[in-house]
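Q: Protein sequence lines correspond, in order, to chains E and X. First residue of the first sequence? That's 1 in my numbering, and the numbers climb one at a time after it. First residue of the second sequence? That's 1 in my numbering, and the numbers climb one at a time after it.
Incorrect hints may appear among the rest.
[To be verified] Just a few of them, taken from the derived set where beta-carbon distance is under 7 Å, the chain X residues facing chain E:
1. E15
2. F18
3. L163
4. T164
5. I252
6. K258
7. L298
8. V299
9. I303
[Claimed, not checked] Here are the computed lysine to aspartate or glutamate pairs in the DMTMM-like style, where the Cα-Cα straight-line distance is at most 20 Å:
10. K73/E <-> E98/E
11. K248/X <-> D302/E
12. K20/E <-> D115/E
13. K285/E <-> D302/X
14. K250/X <-> D173/E
15. K191/E <-> E227/X
16. K74/E <-> D88/E
17. K190/X <-> E206/E
18. K216/E <-> E206/X
19. K191/E <-> D302/X
20. K216/E <-> D226/X
21. K204/E <-> D287/X
22. K190/X <-> E98/E
23. K216/X <-> E227/E
24. K216/X <-> D182/E
25. K191/X <-> D173/E
26. K204/X <-> E290/E
27. K204/X <-> D173/E
28. K204/X <-> D51/E
29. K191/X <-> D93/E
30. K74/X <-> E98/X
31. K204/E <-> D226/X
32. K216/E <-> E290/X
33. K216/E <-> E294/X
34. K216/E <-> D287/X
35. K216/X <-> D173/E
36. K216/X <-> D287/E
37. K204/X <-> D287/E
38. K204/E <-> D173/X
39. K216/E <-> D302/X
40. K190/E <-> E206/X
Calculated from the structure, these hints are not laboratory results. We put the beta carbon where it would ideally sit given N, CA and C, even for glycine.
Protein chains: 2
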Amino acid sequence: MSLVVVGSMAFDAIETPFGKSDKIVGGAGTYIAWCASNFTPVKQISVVGGDFPQEELDSLTARNVNLEGVQIKKNEKTFFWSGRYHLDMNSRDTLVTELNVLGDFKPEVPESFQDCEFLMLGNLAPAVQLSVIEQLKNRPKLVVLDTMNFWMDVAMDDLKKLLTKVDVLVINDSEARQLSGDYSLMRSAKKILTMGPKYLVIKKGEHGALLFHNNKVFFAPALPLDEVFDPTGAGDTFAGGFIGHLAKTKDISFENMKTAIIVGSAMASYCVEKFGTERLRELTKEDIAERLNEFVQLVHFDINLV
Amino acid sequence: MSLVVVGSMAFDAIETPFGKSDKIVGGAGTYIAWCASNFTPVKQISVVGGDFPQEELDSLTARNVNLEGVQIKKNEKTFFWSGRYHLDMNSRDTLVTELNVLGDFKPEVPESFQDCEFLMLGNLAPAVQLSVIEQLKNRPKLVVLDTMNFWMDVAMDDLKKLLTKVDVLVINDSEARQLSGDYSLMRSAKKILTMGPKYLVIKKGEHGALLFHNNKVFFAPALPLDEVFDPTGAGDTFAGGFIGHLAKTKDISFENMKTAIIVGSAMASYCVEKFGTERLRELTKEDIAERLNEFVQLVHFDINLV
Numbered sequence: 001m002s003l004v005v006v007g008s009m010a011f012d013a014i015e016t017p018f019g020k021s022d023k024i025v026g027g028a029g030t031y032i033a034w035c036a037s038n039f040t041p042v043k044q045i046s047v048v049g050g051d052f053p054q055e056e057l058d059s060l061t062a063r064n065v066n067l068e069g070v071q072i073k074k075n076e077k078t079f080f081w082s083g084r085y086h087l088d089m090n091s092r093d094t095l096v097t098e099l100n101v102l103g104d105f106k107p108e109v110p111e112s113f114q115d116c117e118f119l120m121l122g123n124l125a126p127a128v129q130l131s132v133i134e135q136l137k138n139r140p141k142l143v144v145l146d147t148m149n150f151w152m153d154v155a156m157d158d159l160k161k162l163l164t165k166v167d168v169l170v171i172n173d174s175e176a177r178q179l180s181g182d183y184s185l186m187r188s189a190k191k192i193l194t195m196g197p198k199y200l201v202i203k204k205g206e207h208g209a210l211l212f213h214n215n216k217v218f219f220a221p222a223l224p225l226d227e228v229f230d231p232t233g234a235g236d237t238f239a240g241g242f243i244g245h246l247a248k249t250k251d252i253s254f255e256n257m258k259t260a261i262i263v264g265s266a267m268a269s270y271c272v273e274k275f276g277t278e279r280l281r282e283l284t285k286e287d288i289a290e291r292l293n294e295f296v297q298l299v300h301f302d303i304n305l306v
Numbered sequence: 001m002s003l004v005v006v007g008s009m010a011f012d013a014i015e016t017p018f019g020k021s022d023k024i025v026g027g028a029g030t031y032i033a034w035c036a037s038n039f040t041p042v043k044q045i046s047v048v049g050g051d052f053p054q055e056e057l058d059s060l061t062a063r064n065v066n067l068e069g070v071q072i073k074k075n076e077k078t079f080f081w082s083g084r085y086h087l088d089m090n091s092r093d094t095l096v097t098e099l100n101v102l103g104d105f106k107p108e109v110p111e112s113f114q115d116c117e118f119l120m121l122g123n124l125a126p127a128v129q130l131s132v133i134e135q136l137k138n139r140p141k142l143v144v145l146d147t148m149n150f151w152m153d154v155a156m157d158d159l160k161k162l163l164t165k166v167d168v169l170v171i172n173d174s175e176a177r178q179l180s181g182d183y184s185l186m187r188s189a190k191k192i193l194t195m196g197p198k199y200l201v202i203k204k205g206e207h208g209a210l211l212f213h214n215n216k217v218f219f220a221p222a223l224p225l226d227e228v229f230d231p232t233g234a235g236d237t238f239a240g241g242f243i244g245h246l247a248k249t250k251d252i253s254f255e256n257m258k259t260a261i262i263v264g265s266a267m268a269s270y271c272v273e274k275f276g277t278e279r280l281r282e283l284t285k286e287d288i289a290e291r292l293n294e295f296v297q298l299v300h301f302d303i304n305l306v
């Protein structure tokens, strides 16, 4: 049994209404690994340049993140993204994107990763995500795909092909509308469930997340927070908590996916409290249990249906 | 024990992307009465003109809505509102407002209403709402106030005075921000809870509702719907379900208020399926139980906190 994560490892420079970060470690793969490794060992597939800090790699290794699948291109530079969030924290402007090593990333699945049962495809070009699926000799028990509107704009054909090969798609509400061409989220979900995935997670940011499967719907709230300090990586962290819980419990029933969504939401609620991965690095098992309990309190009610 | 409802009874003419209604019966008080009378008898305080249909009054009487407190001004006209919803159904333009009998409405509390234990103040001028509280010889067990941004714009002083006399305030997210002057809903809630109400319900439309009390928060989702046909009266219906459940069960604990919010959400989800009060008129006890069960399914999850 193993969880394989594919995703970018990067540098980010972030501006929010609360302040400005230095050039800090980021990337979808990094957030997913920091989060999922709370629940289960991780086998990581990614690419970095020679400028990527060795201590970051060592920290991940110490958390049971196997980096055999991470290519280190000594003479090249790590992917760099810089962005500025607007006052409402729901929208942002990209200031800089330097693809660097990510520009011609060809993931290689090490032989020791062939026992993959759970595959998390973090946000990357659909063709790159597909190449990982194609390198696996056995079909994983569960393939979860994260993607974004950018790929719908520039690589919709690749994405549609990829969708037929995954079990769970994780996108946000506007991406669901774009992918389906329908404004109603309920109708969008029905359409998307005919495009390949058997499960669809629609993230609505501060408004929570929905899980769709056949005719069933589950709703998970986001924790109401006084302040979102930095939303960067919240979606990746959500995905990391979701797949981390599923890989740990080895149970891919709809019931357990509901719990996995709560776990993802709890982890994401921690992520946004500080810049970058900072808050994720501090978390203890007790912190996680405490926040999960807050979610139970938040939505629990008794009803007498007589 | 009795539930007293104060609110407008009106004519509405509604345009949505799906069509146009005739001049139909509407008004906050009407929606609240149709909804709450599913759970408990209602004593209604309102005013209508001679043009208000007798069969509407008869239908309400048949549902155990006591109309002794409804003034009928034979030679005047009923309040009329006409509006057009935008494509997203979240915003609307008012086309016509004719206050008519509502312009100088002076509610009179009949002697037989003095047993009021639960008081629902539907959206009206704060001074009018206040006059009802002042006419009651005994303070009700629970006073619930619905209001709107319009009164914050034109009668904030009256509203602030009124707030010190109510137990539960029901407003939407933008109204909470306006009342508190704070963008963060969590901080808004904390501020508003110092202004009088001990309980605050913040409605977020399709994104559900939050209940705040001391340091506790409860979140209720809205039922994901394929289509919202007509949102008119959804907020009033929510309030009617909320107070109807509380008055029926006579239990004003935080735990029971959570259930009351689910009941309000379930009733509102029916309201929006057809024009005006049409859908509310058709509902059976079985319909209500079925929808409550959908809410249980929607949010229920198991978590093992070990």
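Q: Now, for every hint given, state plainly whether the structure supports it.
A: Consistency of the hints with the structure:
1. E15: violated, 18 Å
2. F18: Because about 12 Å separates F18/X from the closest Cβ in chain E, which is outside the 7 Å limit, the hint is violated.
3. L163: Hint violated; L163/X Cβ to chain E Cβ min 22 Å, cut 7 Å.
4. T164: violated, 25 Å
5. I252: Where the cut-off is 7 Å and the nearest Cβ of chain E is about 15 Å from I252/X, the hint is violated.
6. K258: holds, 4 Å
7. L298: Holds: closest Cβ of chain E sits about 5 Å from L298/X, inside 7 Å.
8. V299: holds, 5 Å
9. I303: Status holds, d = 5 Å.
10. K73/E <-> E98/E: Status holds; Cα separation ~15 Å.
11. K248/X <-> D302/E: Holds: K248/X and D302/E sit about 16 Å apart, inside 20 Å.
12. K20/E <-> D115/E: violated, 41 Å
13. K285/E <-> D302/X: holds, 18 Å
14. K250/X <-> D173/E: violated, 40 Å
15. K191/E <-> E227/X: Cα-Cα ~15 Å, so holds.
16. K74/E <-> D88/E: violated, 39 Å
17. K190/X <-> E206/E: holds, 18 Å
18. K216/E <-> E206/X: Measuring from Cα to Cα gives roughly 18 Å; hence the hint holds.
19. K191/E <-> D302/X: violated, 28 Å
20. K216/E <-> D226/X: Distance of about 13 Å is within 20 Å: holds.
21. K204/E <-> D287/X: Judged against 20 Å, a Cα distance of about 29 Å means the pair is violated.
22. K190/X <-> E98/E: violated, 43 Å
23. K216/X <-> E227/E: Roughly 17 Å separates the two Cα atoms, so the pair holds.
24. K216/X <-> D182/E: violated, 37 Å
25. K191/X <-> D173/E: Distance ~31 Å between K191/X and D173/E Cα, so the pair is violated.
26. K204/X <-> E290/E: violated, 26 Å
27. K204/X <-> D173/E: Given that 20 Å is the threshold and the Cα spacing comes to 16 Å, the pair holds.
28. K204/X <-> D51/E: violated, 46 Å
29. K191/X <-> D93/E: Distance ~32 Å between K191/X and D93/E Cα, so the pair is violated.
30. K74/X <-> E98/X: holds, 17 Å
31. K204/E <-> D226/X: holds, 17 Å
32. K216/E <-> E290/X: holds, 15 Å
33. K216/E <-> E294/X: holds, 10 Å
34. K216/E <-> D287/X: Answer holds: K216/E to D287/X is near 19 Å, not above 20 Å.
35. K216/X <-> D173/E: Violated - the C-alpha atoms of D173/E and K216/X are around 28 Å apart, more than 20 Å.
36. K216/X <-> D287/E: Distance ~19 Å between K216/X and D287/E Cα, so the pair holds.
37. K204/X <-> D287/E: The hint is violated at about 29 Å.
38. K204/E <-> D173/X: Holds: K204/E and D173/X sit about 16 Å apart, inside 20 Å.
39. K216/E <-> D302/X: holds, 16 Å
40. K190/E <-> E206/X: Holds. K190/E to E206/X sits at ~18 Å (cutoff 20 Å).
Violation of the numbered hints given earlier is confined to hints 1, 2, 3, 4, 5, 12, 14, 16, 19, 21, 22, 24, 25, 26, 28, 29, 35, 37; the remaining hints are satisfied by the structure.
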